[in-house]
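Each protein sequence line maps, in turn, to chains A and B. Sequential numbering of the first sequence, starting at 26, is according to the working numbering. Sequential numbering of the second sequence, starting at 1063, is according to the working numbering.
For the record, the hints were derived by calculation from the structure and aren't laboratory data. The structure presented is a predicted model; accordingly, all values stated were derived computationally and were not measured. All C-beta atoms, glycine included, are put in the ideal place defined by N, C-alpha and C. It is possible that some hints are incorrect.
[Claimed, not checked] 25 Å max Cα-Cα, derived BS3-like pairs, lysine-lysine:
no. : chain 1 : residue 1 : chain 2 : residue 2
1   : A       : Lys184    : A       : Lys246
2   : A       : Lys208    : B       : Lys1114
3   : B       : Lys1114   : A       : Lys193
4   : A       : Lys221    : A       : Lys171
[Said to hold, decoys possible] Here are some chain A residues the structure puts well away from chain B; computed CB gaps all over 12 Å:
no. : residue
5   : Lys171
6   : Glu174
7   : Leu176
8   : Thr177
9   : Ala179
10  : Leu186
11  : Lys193
12  : Gly195
13  : Phe207
14  : Asp209
15  : Asn214
16  : Ser239
17  : Asn241
18  : Gly262
[Said to hold, decoys possible] A few chain B residues facing chain A, derived, Cβ under 7 Å:
no. : residue
19  : His1120
20  : Asn1125
21  : Gly1131
22  : Gly1141
23  : Arg1147
24  : Tyr1151
25  : Leu1153
26  : Asn1171
27  : Ala1174
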Amino acid sequence: MPELLLQDEPQTTAEWEEDLPSPKVAYIDTSKLLQYYRYADYLAQHGAYVYKVGREWEDFPEYIVGGEPIPENQWTLVWSRGWPYHAQAIDILGTAFDRSDIELCEVKYAKPTEAMITAVLSQTAEYLGYALQKQLKLSIEPPAFKLLENLTLATVAQKVLDMIAIEKRGGMPIRSVSITSFKDPEAANFEELVVKVCLDCDSDTALRIWDDLSTNIEDLKRDLSSHEIKVLDERLGLDCEW
Amino acid sequence: MFDPANFCNLALQLCSSGANETSLRTSIGRSYFSAFLSARERLDTLGYYHPKWGGEDHPGVRNAFGAIGRSDLKNKLLGLSRRRRTADYNLNVTVTYSLAQGALQIANNLLAEVSSLN
């Protein structure tokens, strides 16, 4: 989960509707921004309006999720009117920049239904820790315990698990995850940690998901040190079963 | 030179819903070696990996995929290797048709990807 520093305590959806558009600013751990952006892409693919705003914040673009399109020159108006869905979305995804200075650069998708908006907001809230999570069912098999004593390997494994958890919350058909170890029979002195993902889908879908998760792992490398990347490449693998 | 992709043809012949466990276990082994040997040769040809011609090539090939940013291939070869270890070494589990079929699908997927690697 992203680490959040909230000005107020987390609220339920019902409470959001009562006190809109009171600002609530969430500062998102920049180490989690990559996942945050991927999640914004996911929301866009599922019918949400996702606005990529032009101003960069600590070298990263911002994404705002909302329920209705915002004309390029009316951002401030929209914000001041506090349209409920925008206000909710901004409450959830808002960041600490000066909103009067936003330039809207990109608008994706159009015309989601109200149900879709509700679903999107529900998922968004969940992602940022405002509601119950769809937790990964995770088990660790005893042979993996010793490998996890390696701090770097454990750290990298945690990042991989975080990524998988996000995908599960995003709807990937993940039944469970287990961590085990693997010794190649022909190279028994070489042991690696295996994150095994059990999927509820057909084989073609599973192979695609395997590719997607592997691509996500490649993306994780951007935030890792060279030592961590080496550990990830040589001592941690991802297996999928279906 | 022998083309290890041909092992996949044998794996396919051995993998059917009515096949006995001996055939299924052998099918998984051939699926693995089809993909592993094809990957080793391709990586060698492209200069991404220099084979040691021994057991260390099994993790070596996987690591080479990781090093060139192909975690997808690394992970699938790992998955195939785990299935092959079960089929060839673990007598305490029943190897099923679905396991062999899955291994064959992974191998075919890998062969296609490896052949287009550049």
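Checked hints:
no. : hint                   : verdict
1   : Lys184(A) / Lys246(A)  : holds, 10 Å
2   : Lys208(A) / Lys1114(B) : holds, 18 Å
3   : Lys1114(B) / Lys193(A) : violated, 40 Å
4   : Lys221(A) / Lys171(A)  : holds, 17 Å
5   : Lys171                 : holds, 18 Å
6   : Glu174                 : holds, 20 Å
7   : Leu176                 : holds, 20 Å
8   : Thr177                 : holds, 15 Å
9   : Ala179                 : holds, 18 Å
10  : Leu186                 : holds, 15 Å
11  : Lys193                 : holds, 18 Å
12  : Gly195                 : holds, 19 Å
13  : Phe207                 : violated, 6 Å
14  : Asp209                 : violated, 5 Å
15  : Asn214                 : violated, 9 Å
16  : Ser239                 : violated, 4 Å
17  : Asn241                 : violated, 9 Å
18  : Gly262                 : violated, 4 Å
19  : His1120                : holds, 5 Å
20  : Asn1125                : holds, 5 Å
21  : Gly1131                : holds, 6 Å
22  : Gly1141                : holds, 4 Å
23  : Arg1147                : holds, 5 Å
24  : Tyr1151                : holds, 6 Å
25  : Leu1153                : violated, 13 Å
26  : Asn1171                : holds, 6 Å
27  : Ala1174                : violated, 11 Å
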